[in-house]
Structures are given as structure tokens and as C-alpha cells.
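Peer 1: Residue numbers (this note's numbering), protein chains in the order written: chain A, 17 to 342; chain B, -19 to 254; chain C, 16 to 341; chain D, -9 to 383; chain E, 5 to 449.
Hints in this document: simulated from the structure, not taken from any laboratory.
Yeah, the Cβ is synthetic: ideal placement off N, Cα and C, and Gly gets one too.
Hints may contain errors.
[Said to hold, decoys possible] As a list, the in silico DSSO-like pairs of lysine-lysine whose alpha-carbon atoms are at most 30 Å apart: (1) E:Lys243 with B:Lys73; (2) B:Lys121 with C:Lys93; (3) C:Lys233 with C:Lys175; (4) B:Lys69 with B:Lys206; (5) B:Lys206 with B:Lys58; (6) B:Lys104 with B:Lys66; (7) E:Lys445 with B:Lys121; (8) C:Lys169 with C:Lys144; (9) B:Lys206 with C:Lys175; (10) B:Lys69 with E:Lys243; (11) B:Lys104 with B:Lys58; (12) E:Lys243 with B:Lys66; (13) B:Lys58 with B:Lys73; (14) B:Lys103 with B:Lys69; (15) B:Lys103 with B:Lys121; (16) C:Lys236 with C:Lys29; (17) C:Lys93 with C:Lys144; (18) B:Lys103 with B:Lys58; (19) C:Lys93 with E:Lys445; (20) B:Lys104 with B:Lys69; (21) C:Lys233 with C:Lys144.
[What the hints assert, rightly or not] What the simulated footprint calls covered on chain A by chain E, stretch by stretch (three residues with Cβ under 8 Å from a Cβ of chain E suffice, anywhere in the stretch; the number is not a length): (22) 117 to 128; (23) 171 to 185; (24) 229 to 242; (25) 256 to 266.
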Amino acid sequence: MDWGSILGNAAGEIISPTTAAYALAAIGVGVHFGYAGLLNFGQAGFMAVGAYAFAITTLELGFSVPLAILASVIASIIFAFILGIPTLRLRADYLAIVTIAAAEIVRYLVSTVGLTDLTGGSQGLSGYAREFQALNPFGEGTFGIGPWVYSGEQWWVRVFGWGLVAIASVLVWLLMRSPWGRVVKGIREDEDAVRSLGKNVYSYKMQALVLGGVLGALAGVVFILPRAVQPGNYGTALTFFIWTALLLGGAATVWGPIVGSMIFWVVLSLTNGIINGLRSADVLSFISSTQAGQIRFILVGVALMLLVIFRPQGIFGNKKELSFNV
Amino acid sequence: MAQAVASSTVTRTDEPVLRTDDLVAGYLPGVNILNGCTVDAYDGELIGIIGPNGAGKSTLLKAIFGQVRIRGGAIWLKGEEITSLKADKLVAKGVGMVPQNNNVFPSLSIEENLEMGIFQSPKKFAERFEFVTTLFPELEKRRRQRAGSLSGGERQMVAMSRALMMDPSVLLLDEPSAGLSPVRQDETFLRVAEINRAGVTVIMVEQNARRCLQICHRAYVLDQGKDAYTGTGRELLNDPRVTELYLGTLAADEDAKRKGPATAEPPTASGFTA
Amino acid sequence: MSDTSTVRTHPLVKGEVGPGCAKVDPIVVADGVTRTFGGLTAVDVQHVEIPRNAITALIGPNGAGKTTFFNLLTGFDKPNTGSWSFEGHSLAGVPAYRVARRGMVRTFQLTKSLGRLSVLQNMLLGATKQPGENMFRALVRPLWRNREQEITEKADDLLKRFKLDTKREDYAASLSGGQRKLLEMARALMSDPVLVMLDEPMAGVNPALTQSLLGHIKDLKAQGMSVLFVEHDMHMVRHISDWVIVMAEGRVVAEGPPETVMSDPAVIDAYLGAHHDTDLGEMTGDDRAALAQEAAAEIPVDVSPTPVSDPTPVSDTTPVSDKEEK
Amino acid sequence: ASTPPQESAEPSADIPEGDGTFAVGTILPATGNLAYLGPPEVAGVKLAIADLEAAGFEFDITLTERDSGDTTTDIATQSAGELVDAGVDIAVGAASSGVSFTFIDQMIDGGVVQISPANTSPDFTDYDDEDYYWRTAPSDVLQGRVLGNLMVGDGAENVGIIYINDPYGIGLEENAKQAIESAGGEVSASVPYNPGDTVFSTQVDELLAEDPDAIAVIAFEETASIIPELVNTQGFPSDKVYFVDGNLSNTYEFQPGTLEGAKGTLPGNFASEDFQARLLEIDPALEDFSYAAESYDAVVVAALAAAQAGNDHADAIKANMQSVSAEGEKCETVADCLALIGDGEDVDYDGASGPIEFDENGDPTEAYIGIYQYGADNKYAPLNAEFGSLNEE
Amino acid sequence: MHTAGQSRTPRFRRWLGGLGAALAGATLATLLVSASAAAEETTPTPTPTPTGDFTTTFTVGGIIRSDDTPLEGVEVLVEGDDFEETGTTAEDGRWAVVVPGRGEYTATLQVDTLPEGVAPRDPDNVTRQVTIGTTNTVNVLFPTGEGSTQRTTFADTLLTRLVYGLNFGLLLALAAIGISLIFGTTGVNNFAHGEMLTFGAIFFYLFTTAFGWNLVVSILATLLLSAAFGWVQDAGLFKPLRRRGVGLVQVLVVTIGLSIVVRYLFLYFFGGGTENLNTGLTDTVALGPVTITAASLVSMGVSIVMLVLVGLFLTRTRIGKATRAVSDNASLAAASGINVDRVIRVVWVMAATLTGLSGILYGLYRGVTWDMGFAILLLLFAAVTLGGLGSAFGALVGALIIGLFTELSTVVIPPDLRFAVALVVLILVLLFRPQGVLGRKERIG
Ligand SMILES: Nc1ncnc2c1ncn2[C@@H]1O[C@H](COP(=O)(O)OP(=O)(O)OP(=O)(O)O)[C@@H](O)[C@H]1O
Ligand SMILES: Nc1ncnc2c1ncn2[C@@H]1O[C@H](COP(=O)(O)OP(=O)(O)OP(=O)(O)O)[C@@H](O)[C@H]1O
Ligand SMILES: CC(C)C[C@H](N)C(=O)O
Ligand SMILES: [Mg+2]
Ligand SMILES: [Mg+2]
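With the sequences and hints as input, model every part of the structure.
Peer 2: So this is what it looks like as C-alpha cells:
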């Protein structure tokens, strides 16, 4: 088995743009759930909104990159409002279902046959990344160290993605140790109590929803830079995986979402590499490639369960906090 | 004058019905809330437990009831060790408990709450229901109301009744009088005494310490997870240290004041123009 | 109201003392406030005024509607009919958090502590006028550092009084039942309210501590606040209240200074019990039987919507001013 | 429109030297709504590799298999990334046009020659692929016509179509519709559905509302849900139902008779008994052979291109693909072709799937479309074949 | 019986095939559903694989019929550059003219050769332009008569959708009740619930269709296995998690993991295809304009009965009430002498059984796939939420609303948005009733 390339691939996942996108989205969910207690199970919806807004404004309206990013931020703010106005009064578990539903509605809408001209239907969109690559400051050449050797274009996507992650982390960190963060965390614990202290709970929840949603939209942009926009990607599975990443790291923590995403992708890559490695080394010769693909998911599921069972608070989470988790 | 409620001492057999032996317990790792707490209750005794907030009184009851991790010591029920036994096993052995918080099932009706009280022997429901509703007739009238919509005091009644439904042989009460109106509080204390006289061993945590000490045979003062003082109810009631540290002088002062001029003068209709 | 044979006056009262009487300087005035749940009328208050800069106790049997009335006044529940005002401004339809901002702050009978916030954070959340609670200002620490310091000092002071200083850094979820009550009250006081409404603040609080806190409550009055509290501990009511309002079956059935009200036979029958001051241990069998009967008939049918048994003489030998000097 | 072989055979200056290993990757459906077509395609690839090795191909061959999933998952882009990272020279796949579109750019950027054995969407024809994208299946401009003709030829005047809303379904529907209408027929109901849909009673109702004479079902795996609704529940006669390459399969578990008389089209020649037998040796569980020959040919053509260039680098392969497929000495087996190339001849490979002549877009210019018909046992058998050319339009 | 191995064989079927055959043999022969053995070996004898060089044969042709009767002897004139030939229809109504090569041709129906009483539909347009280019054969049409298209009326469509919506709603309800029960007692949003449904469907498929067991036996066996599946999940996973005091959101992530594992195990063993259940229940019933399978009617009936039974169980039986008590406050329930773990176990087993049953019915409705449960999971959650979380009757109401809106909306909205419509309804309802249709508001303070 070629451990070099298996580990190399896994190491590559640590800084891959997809990992950055997951981290951003997970930071957003962290704001929602970890701090404000909003069970947002519709982060995929925010990502879709961000991704489509970016792609459509680039392709159809010829927006420049900064403008297109602005468009996706605005779109996600609008989406957050549309979602928030009717639902922020709901109990947490109702909100969970409603947010999944909203995300699915977005997915149905962008893939509906009638809007194929705009959204590409179930096929999605591509070709919007040219503008972005035109801004690439690294040139064409390939450089890097160790397993991280990429072309300038690949570096550009990574630097952009992780730059956003860094900004988002600092922002969230600043906010959460401020009185604003205190109010938001108070809402997580008991809305009525916070209300009785004269805070406009609804408005704070909306702010948190918007903040996390904008991060989700930016995650959507980063997510699509190295691939195509495809409605199928924004199903519930994406949300579930983001939650997984978040909880692996630890929900109300700064590093949690980032490290969680990295672990998630490394685990995914390792299971894949090892299974395929064993297969080509004829150890698992009775498994076909089809089955290898399936076993990988089975292992991911098992790994997910084991991680949560044995470290329920996540890597950075506070066990003490968890013991009051009712 | 008839016999006072707690004037007779209970004949003790050698072995307590319920005994916690040097109990050490806590919630968070490394932090013990109970630090070697020893409490005995002999057959037919009414034991009061008082102490400052956060002393560990509720924790003691929860530990007995298998709801807190026990780190040291042991609990004995009728000579049998029950340390860390689960709650439903204890119920089967005739131990009942009324917790301090969250002590009703909000989405069940009052009647269903009471049904849950006697979950293990449903046949006796009608009989016991009649018994507890003589205690709290309100409940009978409202039997279909969801407990979640009840007022604080009403919930407390439901909680008490639920524990009484099962006719336990040992009853653990955590602040049963909290939130009840004065007359109901008194009634509750008397009922508890009555139940106790009928042979039920009762351990009662109370912040209404005077009332509690008035009716109980013996009491423990718990402080920082340890039994700091113990004695008969009267002894403690009259112990100045206990009064100062735990009972306060308010009630006594008030009583004294009222027994002075206020009661001496007959109530008059004359006003008090300023 | 209906009784004209005796003249009853009181420094807090404008005109005659009686249920619904007008106050010299009311802070809250409620008119025709009703609330029904299905067939049950929980609150039916024709008219009531809460005096300013006084300590008012609201007492009454369980289920009398005290908590519901609190909920209505503070915007946590909507009445079927009625209007009420606070410092002359109508509060009907004003959301709870605005009510609190106007200075009418309440606590909850079933405590609402913010479990996964430390005790100190709980306290800080109670404070008003925090610039750092604005999302954008939160990002710049210097803008809120001073205020944070101020309120931290204040919180520490309160915590000490409420004997919670040792728990300062613990999660509120780890507090005992009584400690939660204390925290709830202390937190409400953080906001320097105009009127503080305490719903059974001392239920479950150790009597020795209760006693030491009464002084603090009186201080509040000295600082110009008004207090309205629900309590079943008659010693406390007698000790600190200037005025007592009695509710039964949703209606205000009596009001007056504490001594008067508590010697009102109707109130004794309906609420206190004749043996309220007897030592239970010394009670005779007859007494017990009588008590049982009283308890069974706690809400006597003869408590009519009109004032409690008219000819009740008002007795008071302790002038209000005396108390204030203590 | 093929480039003179001599030119590309010469190692041009800017084509880097390969690593000496002809690295084949597959990105074929192991999961998803086309999963049933994965096995024959994989078998075809493996058979080709076996044949190449047996024929003494000059380069070592490695095979990296990856799943393509379907368009409702993100598997394909990951697999594509892995193949690029693994440094494969050619990637065989994907089966579904929709899926191919999701990673074609990755292949182009990664410099991998992508050869799809099954993509039939017309949209690939003029995709800006820098010559990295090829396919051995003909565009649906052909199958669409054949399907339309077939239906019209059976007398259907009023046709209903239910089709998958992806590049494949859209392209096929468009061409079939055009054929039907130009023959004087009418497509009265054309109902798209989205991949991932599972219940089709609405769409079926919508089709039947127009009372069509015949219905074409342009779908993948979803067919297993559409047919029971259409035929069993609503009682539409099965011999008026038309299948296509996306759903022509022997693996349906319907009640006997459900599909009796239904017809279907499938690009590619009828698989010869011998070829089928050899595939079965590779994978004895095979029940369908759709696109096995095209997969086989995909690998072989690429290998021949590498052999002709004497260089296994992807850029060398793409430069010689057209040359080995058209003009020159015809050869039909791997051994023959390799021998000819060894002799320095220019070859024209005619493979298991048909003549294989690539145009400048990387599309085959001529192809067979097989026409099949189902029996009462829900298995299909060849009925007819149609030959078509995309060149002479 | 089906011949094993002949059709696409899910892997476990192959593995269990031997076992299955043995079991099936042991099962009374009378229990076997008699699947028509006559259907074997009817693959059409292939018209000999086209030989000759059909790559260079070019044909223009077609078929001419009056209604469904082929017309014989009708002539069509095909003309092109320097080419003219007349084709005549044969007995089967077909005609064909071989033309010399690629190019433009016209085909003209010779109207006078049509039999008496048959006229072209459009008498002014009996000439067709034919391009032989892409394909070597081109067929053209000459429709005759009036054309007999009967379009369905709007009312009929509405009615059909209504019935289908009801059917779908009831199916959802049955599946959703399990979610509601488990959520109700443990507070866990079980995202692996869909897999319990798939589990029932797959095993039912295995028993009836693969093993060919009798229907009743298959149902019982499926339900038994489903119950066991529920038992195993609780005993092996959720109870230990409860023991360790793992938070609800964490448990939720565990269910996500479980869902992935189980789903892909299904895929591994069952394969990715859709299998249709072979129960012998193929009759369809026409209710006015609505055609529906008998199986659907039966399943509606079963759903209603089961839902009523569950409702009664929860409100009338002691265990049912204990279930609600546990959901309110597990530790208090324990303090009341309720064995919380046992109650939860009962709930799991019950929920799994009901869900297994719904899997059977849902499988009948739309075939069996490895991810069928996952695909409707969100609708199930939506139903439960819409009705009011934790309320069993709420789940019924919610499911009916979802089912009806899903189907009825297609009358006005593209069908690929029908689930979106159902979800919008969910949000709108919660806008006006945040606690769900049958949910209750909690009292404050
Ligand atoms: N769940 C918990 N986790 C951690 N610490 C806890 C928990 N519950 C209680 N404690 C701590 O244990 C100590 C004892 O609490 P306990 O509830 O037993 O007090 P108590 O004597 O019943 O007080 P009270 O009279 O106020 O009810 C307190 O200091 C409290 O902070
Ligand atoms: N949401 C509700 N639904 C139905 N009944 C309610 C609801 N809320 C309150 N009630 C009823 O209204 C009456 C008044 O309740 P409230 O809580 O105001 O009483 P209270 O005076 O505060 O009593 P306590 O002293 O016991 O706290 C009670 O009988 C209660 O059962
Ligand atoms: C495998 C085939 C059914 C795929 C189909 N021809 C497509 O291009 O999508
Ligand atoms: Mg306590
Ligand atoms: Mg109250």
C-alpha cells in the first residue's frame, strides 16, 4: 500500500478549499447553535444561496469578484430575514426542522426545471471561476512544501478560503467575549429570562442568524471555487457533515469548527485511501470498486459515531459545559 | 390539651430503616458536595433536614435516590445496601421521593400525574386517589388540567400527592411546603406528621425550618455537605447557634411583636389618619 | 368602596382604603384586566394601583392568579381585556423586553437561570445601558470596557450580599434551588429598576439569609425604587411591606396595610389559617381538625367579588413611618 | 478532419515525456441512479487492460477505480480530484453526462485525458475542452432521431415523453421531439423530472392526461418507479413504451409481462457472443452489457494513441487519439493494432462498439444504435439496428 | 417463483439465497404465492441480427392506419433528385422505400389509394419533407381520421391528486409516528429513522419477492425483524449513550452517523436499484376517474387502524402514559417508579415495528430502494413538526397536510416543486401556530 500518497492526500485535505469552506460554514453554525442556541439545520441552504448568488451574478450580470461576493452576502442576509421573520419565534427543535425545510426549498427552487435558464436546473452552473482566477496573484507555476505542492491557481483558492476563515474566526472571537456575545449566549439558555432583563431577544437572534448565515454564504462561495455549482451538493447531507465537523471540534469554541473540518476531511480521505490501498494490495480483493466506495461511507459513519460517543464535547469543547446539556 | 404531635419518641429498634453512612457524592469531577454525611432514620421517625442554601440537602436526597454519583460511603435500607441503586428499584422497595424542582409531568393531566405516582401497582389507584384528594381537594376538581399550566403552589400539591399515591414506607420530601400558601403549608406539615404516625418513615428537607422542627422527631442541620448538628426538633429549635446561623430571628421577633401590643388591643375600626 | 360607615385612610391612599383604592402616587395602575384559560378565569382585576416608592406585597391562595397577573403586567402574557399603565404610560401590547427597559423588571417563580453562563455572567446580563451589547460596538473593546468594569463591581457587591460570591465563576446550572432564587433576584436588581416585581423571592431561601436580605430590599426603597412582591412567608410580608394586596380567584379581594389585612378574618379564613401562629407541635386534635377544614375550603365560596366582608375593622397600631425608620 | 498521423506521431517539443506507466483511472457509477451500468463498463475497462497486457503493450498499466456517484452527490468531483492527484493519464468516465459536466473542468485543468464511454449529451460536442475530453458513444443527436423514427415507425402520432432534467435527458428529448415532429407527429406531453425524484404519479398523470399513443421514458434508475405507476397502476400498454440507453436493462424485478413488447434504443453494436463471454469471465455477475464495448474501446484507443506516440503522457495521448481512430490500416483487435503500430503503420481502429472515428471535437462520427425489445420475462433481445453518421449533417 | 440469479441479484440475496431456498422449501408449499411460471422464456426471438451492409442501405418508410387498423395497399410516392418510387403498405400497414443515398426527399400520400371512408387528418398537408442524413432510416406519418385524444378534465385531475395525497399522507403518518414516539420519550431527533423504514421494505422485499414466501408470513417476519432492529438500536447504542449522559445534539449526530452506516450497508448488500414488491396485489381499483392499486387502498386502511391504535395506546394505557411521563421528565419518571429504560425500550421496539410496517406499505407504493427512507425523512420530520412535536395525533394531522399539499399543489405548480410547496406550508402554518397544529403552548413563569 502506498502510504506516502495516502497520507499525502490526507495532508492535502487539511488545507484544501473544501475544508476551508466547511470550516467557514461550521463557524457560522457555531454562531447559530454554539452561541445563540439556534438549531440551524439549514446551513446548506445558506451555502447554496451564497454559491448561486455568486455564480449567477458573475455569469449573468458580469459582476466582478468583489461585487459578486457582495451579492452573495446580501442574498444571504435577505434569506436570513425571510427565514428568520417567521421562524425565530419557534422553539429550538421546531426551528431545526424549519431550517432544514428552508434549505431544501432553496435546493428545489434552484434545481426546478422552470428556472433552468438561470440556475442550470439540476445540472447547475460552471465557468464563473475565471474572473476569480484572473485575480490570482501567484501566477501559474507550481510550488509548495511537503505534501502541499500546488499550482498558483490552487494556492490562490486556498489562500482566499483560509483568509476568510481567519477573518471569520477573529470576528467571532471578538464578538463572543463581548457583552453582545453574553446576551446571545443568554438567549441560548433561556429566552424569557433574557427578555425579562430588557433585551430584544428577537433582534439578537436575527443578528446571530444573519451573521452565521453570511458566513455560510461565504462558505458557499469558497466551496464552489474549485468545482461546479450543483444543486445536488446542497442537500441535507452537507448540513449534516458541517454539523459533524462542528461537533467534532467543539461547538462554542474558536478552534472547534476549523479543526473539526480538518479532521472530518482527513478521516474521509484516509478511509478512502486505505480501502483503495488495501484493495490494490489485494488484501481486500473480494471487494469491488463499487463496494469500496460504499465501505468508505460506512467507515465514515462509524468514525463519526465513535468520535461522538467517546468525545462528545468535541476536541476543544468543555466537558463541564456538556454535563449541563439537557 | 391533646397530645402534641412529636412529643413521643419513637421506639427504636437497633437498626435504622434508612442510613447514609459517611456519604461522599458530587456532580462534577473533583468536587464533592457531600463530604461524609451520616444520617439515620429509624422506623417511624420523622426526620427534618435543614441548612443553608447550597448545603447539599437536595443532593443528599438525590444521592439516596440513586440520582447522583456516589463516591464514598454507603446507603442502607432496612439492613440492605442500596448504594447507587436505581430509582425505580427503590420505588419498588417502598421508597418515595418528591424532588425540589421539576416535580410534575407538565404535559400530563393532574390525574395522569397521580397515576404515574402509583405506576407500579395500578390497581390501587382509585383508593389512593381518594386519599390524596381528601388532602388536596383542588386536585380532584381539576383532575383533567395539564400540570404544566398549574400555578407554582398547585404544582407543589400535585408533586406531594404523586409521592403519596404509592403509599411508601420511606418518604423523602424536598421542600414540600415551598410555594404553598400559609394555611396549606401548615396543613402539609400536619399531613406529613399524620402520615408519619401511620408508620411511614419520613425524611423532609425544609427551608421553613421552624415549622419543620416543630413537627419532626429529630433533625439534622446540614452545612457544607456534612451533618453539622443533630438533635430532636425542639432541641434545635431552641439552640441559639442554630437559630442564629440557620433559622434567623425574624419569625421569633415577629411573633413576639404581635403577641405584644397588637394582639392585646382588640382590632378597632378606627383609621389612622396621618 | 361600598362601606361608608367607617372612614379608613392611609398615607399611601388617596381617599378610602379598600380593594382597588386609589393611591396618592401610584406607579402602576391596572384597569379591568382579565385573563381566562379555557373556562377558568385566572385574572379578573377591576382596578388596582401599586403605590410608588413603597414595598407592596401581593398575597393570595395558590392559584389566585398572582403569577398570571405578573405575566400580564410585564408583557409575558396577553390579557383578554384590560389596560394598565406604568408611570403614566400605557403598557398594553408593549413587548416584554420594552417593559423591562422602562424599569419594570420581574423575576420568575420557577427560576430561569442561564445555566451555561457563569453566575457572574448572569448578573452582568442584568445590567442595562451596555454599549457592548450592540453588535458593531462589541467589536471594539475600549467602547465598553469602562461600563463593563462598573457593572462587574456592582455585580460583585450584590453577589456578596446574596451569599453567592463563592459561586461567582460557577455555571448557574450548578446552583441549588435556593441559590437560583437568590441569583434570580440579584440579577433583577442589576438593572436599577424603577419597580422590581419579585415572584416568591424567598421560597426555598434559608430563613437566616432571608432575614439578612430584607434589609437590602428596604434599601431599595430608600434608593427610590418601588417593590411589588408575591410571597407566602407571612413573617416577611409583615416585616417589610408597606402595603398588602390580596388576590383570590383572580380578583383583588382586599388591600391595606399588613397588620390590618392579616387580621382580616376573611383573609385569615381564606389564606392564613387561624392557626397560623400556633406551634404545630403543640396543636391539639381539635385545632388540627379545624385546620384541615380551613385548608380544604381554602378558597371559600363566600369570597365574593365585592370587598371582603364589609364590616371588617381595620386595625393598625404600627404606623407605616415606623417601619420605614427601621 | 483528422490530423495527418505523421505529424502527431513525432514527439513534438512541448509534449513532456510520460512516466512509462499507462495509468488508467475510472470514474464510473458504483452508486447512484446509474449504478447498474457501472459493472459492464468496469468489466470493459478491465478486459481492455487484460487484452493490452496479453498483446505485449509497451507500457506498464495501472488501474485506479473511483466511483462517480450521480448528480445528487458530490462523489464525482472528489473522485476526479483523486484521479488527478494520483496522476492518471486517462480517466474513463463518467457514464452520465450530467456527472461528467461536474468534473470535466477538473480533468482539463489537471491535464488528464477524459474518455467517456457513455456520455451522449450533445452539449459535449462543442465544449471548450482543450482536447482533453473524448467519448466513444455517439451524441444523442443520433439516438434521438432513431428513437423518434422508431416511435413514428410504429405509428405513434401523439407521443408523450418523460425525461430526466439533465443534459442527457434534455438533449435526447429535444432530438427525439424534433424527429417526431418533422415526421408529422406531435409530442403532446413532455414532462421532465429531477434526479432524485422517487414518486412519479404526478408526472405519469400529466403524461396520460394527453392520451398519448406511445410514451418514451428517458430516465435512469427511476424507471423502476415510473413503470409500475405507468403500466401496472394506470394500465398503459407496455408495448407502447419506449426505453433508451439510460434505462434499457435486464435487471428489472417487475411482474412477468410488465415490459412485454416495450422497445428501446441503445448506442453501440449488438455485443457479440464472444465479447460477452469474455466480459463474463471478468465479472460473472454481469447481466447487462450496455457500454461495455465503448468502455473497452475507450481504453484501447487511448493505449493505441500512447503506443503510436511512444509516450504515455496525457498530452501525447490526446494528440494521437484522432489519428489512431480514423484513416489508415483498419484493425479490429488490440494485438493486430499494436503489431501494426509496431511496424510503424498508421492504424484505424474499429472496435467492439463500432467503427470509432473521432471528429475534431472528440466525438465519434459514426455509430450503430441497437434497437431492442422486451419479452414477457422483462429481458430484452435485439430487434434491429440502425446506422447513423453525425458527419454528413 | 422467481428464478434466483436470473435477475439482477442484490448481493445479500445471493448470500441468503441458499438459506432462503431452504426456508422457502420448509414453509408450507401452500403458503407460496403462485407466481406465474408461464412467464418464463418469452424473450422475443430476435429478428436475426441485422446482417448485410445496412450501413449503406437508406430507407424512407412508415405505417398507415385508420384508428388502430392497419391499412393495406395505400401508396406513398417518394421523390428525390432523379429518383421516384412508390411504396405500398403491406398487411401490417407498413411501407418502405429504399432510396439511393443521403439527401432530401419528399414523401406524398396518395390520398386516392386510401380505402373508402378514410381520409387524411389534414387533407391539405399530405407531403412530408424527408432528410436522410443522420440516420439511414427515416419514418414519416400520415395520420388519418379525427384523432381520438381524450384529455383528462381538471376536476378529475384534482380528484385524483386528492386521493393520492390522502394515500401519501397516511403513509407518511404511519412512518412519522415512530419519529414522534421516539422524540416524545427521549427528545432525540432520530435522523436514522428513515433507515428503519428502508429496513422494513428491504426485508419484506426479501421475503415476498426474493424468497417468495406467503404474504402474511412475510409481513409477520418483517415486523418481527423490525422490532428486533429497534431493540438492538436501543440496547446497543442509545441506552449506553443515555447512561453516559451524552447531550441530545450529540446523540443527534450519532443518529446521523448511524443513518450513514446503515444506509450504505443497505446499498452494499441490496444494491442501488429499485426493486418492486411482488405480492400478488396487483389489482387496480377505479374509483370514478381515479385509478388506484388495491394495495394502496389496503395500506390506507392499515395506516388508519394503526394510527388509531397508537393514539389509544398513548392516551389510554398505563405504559402509554408512562411514555409521555418519560418524555416530560425522565428523572421524575424514574422517581415515580417507572423503569425509564424499559419504557424507552418499548418505545423503540414499537416505533421500529410501526416504521417497518410503513416500510412495507411505502415499498408497495413506490418500490424498494436502499435510500427510500432517507429520501422522505425530511417530510416525516416536517409532518411531525407541523402537527406539534411529540403529539402522536399531531403527526397524523401534519402528515395528512403534507401529503395533500404535496399532491394537490402539482395541479398548479411544476411537480418538481411539490415537496417545496409542502415545506412552505410547514413554515406558513408555524407562522400562525408556532407550537404546531396540535401542540400546546407552554406557560411562562
Ligand atoms: N447539577 C449540579 N452540578 C454541579 N453542582 C451542583 C449541581 N446541583 C447542585 N450543585 C451544587 O451542589 C451544592 C449543593 O446543592 P443542593 O442542591 O444539594 O443544595 P441544597 O442544600 O438543597 O440547597 P437549597 O436549600 O438551596 O435547595 C450547591 O453548592 C450547588 O451549587
Ligand atoms: N396556561 C394556563 N393554562 C391553563 N390554566 C392556567 C394557565 N396558567 C395559569 N393557569 C391557572 O390559572 C390560575 C392562576 O395561576 P397563577 O399561576 O397565576 O397562580 P398564583 O396565584 O401565582 O399561584 P401560586 O401561589 O400557587 O403560585 C391557576 O389556577 C392556574 O392553574
Ligand atoms: C450510461 C448512459 C445511460 C448515460 C447517458 N447516455 C448520458 O449521457 O447521460
Ligand atoms: Mg435543595
Ligand atoms: Mg405563582
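Peer 1: Check each numbered hint from earlier against the structure, then list the numbers of those it violates in ascending order.
Peer 2: Checked against the structure, the hints that fail are numbers 23, 24, while the rest are satisfied.
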